[in-house]
Amino acid sequence: MFQNFKRLNKAMEVLLNIIRPLQMFRRTRHADVVVALLAATLVALIDPIIRFDDYRSLLELLPQVGYVKFLGALVLVFAQSVAIFYLVAQFPKIVRLLAMLIIFLIALVQISYFLALSRYMSSTDLFMALTVGMDHVRGAIVSFFNPMAVLWAIPYFIFSSILLVVTYESHLLKKLGVTLSVALFLVASNYAFFVKVNERYFHLNPLTSFIRSALYCQFRDILEYHGPRDELPNVPVTEKPTDSIIYIIDESIRGSHLSLNEYPRPTTPFLQSLEKAGRLRNLGICAAASSYSYIANAYLLSGHNKFPDKDFRTAKNPLPFDYAKKMGYKTIFIDVNGSYLTARTQKARQDSIRSVDLWMTVSDFKQRNIEAEKDLAVARFLGDLLNDAGGYFIVVNKKGLHFPYRTRYPDDSDYQIWQPIMETHEPIDPIPAGREKLVNTYDNGLRFVVDEFFQILVSNTRNQNYIILYTSDHGQTLSEHGQIYTHAKPDKVIADVPEFFVAGQHYAKQVLISGIPDGIRVSHLNNFATLLDLMGVTSSLRIYSYEKSIFELTPEDNEVRFFLNGSLHGLGGNYEVVGIPTPPDEGWGISNLVVKSADVR
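Note that this note's numbering has the sequence shown beginning at 776, numbered continuously upward.
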């Protein structure tokens, strides 16, 4: 401990030597104010160098907003920066040094985000980071981190070190007053932005931008709906169902990379064999509801059909479990991915989900000595359930193929079909050689997490009265246009997901599947009503007007399919609704090999 303090003191001495020319400010009246202004000015000057194009785009808003509002917003953000630095200057040097390190880390995260996504972290990004599992967070760090961000973050550390020249004065009441005043100003000014300004604009430095996103998260949480979901009317169940319905929501599966959808590599040979045998009805490339997993799941599990969800219907609508319970099914929710419903329930500090008889997470599997970190264990568990009895309604949130892809399948050479591949902690490199490794690794993963999953599930299931509806939350960019992000942007390719039915050989409602016409276009928004049809839910029990069921679609429907990027509820104005037209943009729903020479070993 003593050694650490010595090193800390040494570091402070080095910094003081760097900023010694600024010692003249120490004798200036109101030195803390002057130094805070100087630090805020220097930080404001460095940001346009990094994000020149963003500032040029910001100027395009001037005619729409007007000079007064535009300049007012700029001054307000600058004042926030001054207030933060002024607050830091009130504390002892050891606290200031800690604050400088925090500023450096915030700048590092924000600039990494900018280099990957061409924007700073939004409140939606921050909310997702706090909501999803740690493996997803680690994947994001590997994907987004750029060594260049360290170089760009260093000036923020150096400029904030100016605060060290201020002489510390131990006036407790003054510090308390300053702290409360700055906190109140930051909350009030950011709430004004929240109400009046689109979240995408006026991010003038990493620090104030991060605080703005953090406060937006809190504002959104306060404004969101936290009550119970709507109740369904009571319906007498005359006969217990014997069929089982399994709704599988995978993670990060791009539909056009399945050979089931004519991808040149045999990524899904078993699924193709099921299709040939008449057991699988492929619906082609489905349009995902969102480029974010949490938001896609919110739509998939609520049946809401408007973007964004300004009325909080995704939190109010009954879940499919509610309908299934009314129809006499035993309900099971398996979530090994820490997805929307689990995250929402745990955040509310609830230990159960309404109408769910059995809720299984990774920790529940571990208690049964089942390793569910990879999806095959879930496939075996499902097979055992179906063999034990019928009459189940099951929703499965799979682990899937989230980046880094290499962690999603075993080290066994049998799964390394296409070479070369990425290492576990290797970041995305968009050059041709890097993209080849990225796609090889992804395609290998598909053979394991999709094709082998179904091979185990179907082969191990003896009770053949079941139907599976399968899709994924969103797709992946796979760096086709130099992206080093995989999703969470408005790229249309991210909405490219698979959708198909797999039926048991003795499925009682096979006529529904057989009646699906060719040439239909499917969206995530069609899935909820489809589940209700499979359960036999009558129109009198359906208390909302859902999108058409897949069984009701015609080739004329879904001429334009939409997905949401950004805020689920549209709060802060940070959202974009993107349409996928018919015919789709060139290349949408089609994936080609990176290198024609890549062979299957």
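Just so you know, these hints were derived from the structure itself, not from any lab. Misleading hints may appear alongside valid ones.
Distance condition first, Cα-Cα at most 20 Å in a straight line; then the derived SDA-like pairs of lysine to any residue [unchecked claim]: (1) 1081 with 1235; (2) 868 with 805; (3) 868 with 960; (4) 1105 with 1081; (5) 1101 with 960; (6) 949 with 960; (7) 1091 with 1235; (8) 1105 with 1132; (9) 1149 with 1235.
If you anchor each label on the Cβ, the simulated ranges turn out as follows [what the hints assert, rightly or not]: (10) 854 with 1186: 52 to 60 Å; (11) 1358 with 1255: 14 to 22 Å; (12) 842 with 998: 27 to 35 Å; (13) 1200 with 952: 19 to 27 Å.
What you are looking at is a predicted structure, and each value in this text was computed from that prediction instead of being measured. We treat Cβ as the ideally placed atom computed from N, Cα and C, and that holds for glycine.
Should the hint that residue 854 and residue 1186 are 52 to 60 Å apart at their CB atoms be regarded as holding? holds, 54 Å
Taking 14 to 22 Å as the stated bounds, is the beta-carbon spacing between residue 1358 and residue 1255 within them? This hint holds: roughly 19 Å between Cβ atoms.
Taking the Cβ atom of residue 842 and the Cβ atom of residue 998, is their distance within the range 27 to 35 Å? holds, 31 Å
Taking only the CA atoms, is the gap from residue 1149 to residue 1235 under or equal to 20 Å? holds, 17 Å
Holds or violated: residue 868 with residue 960, Cα cutoff 20 Å? Judged against 20 Å, a Cα distance of about 24 Å means the pair is violated.
Holds or violated: residue 1105 with residue 1132, Cα cutoff 20 Å? holds, 7 Å
Please verify whether residue 949 and residue 960 have alpha carbons no more than 20 Å apart. holds, 16 Å
So if I understand the rule, the pair passes when the alpha-carbon distance is 20 Å or less; does residue 1081 with residue 1235 pass? With Cα atoms ~39 Å apart, residue 1081 and residue 1235 exceed 20 Å; violated.
For the pair supplied as a hint, residue 1105 and residue 1081, is the alpha-carbon distance within the 20 Å limit? violated, 30 Å
Hint check: residue 1101 vs residue 960, CA-CA at most 20 Å. Holds or violated? This hinted pair is violated, its Cα atoms lying about 51 Å apart.
Does the Cβ-Cβ separation between residue 1200 and residue 952 fall within 19 to 27 Å? violated, 47 Å
Holds or violated: residue 1091 with residue 1235, Cα cutoff 20 Å? violated, 37 Å
Hints 1, 3, 4, 5, 7 and 13, counting from the list given before, are not met by this structure.
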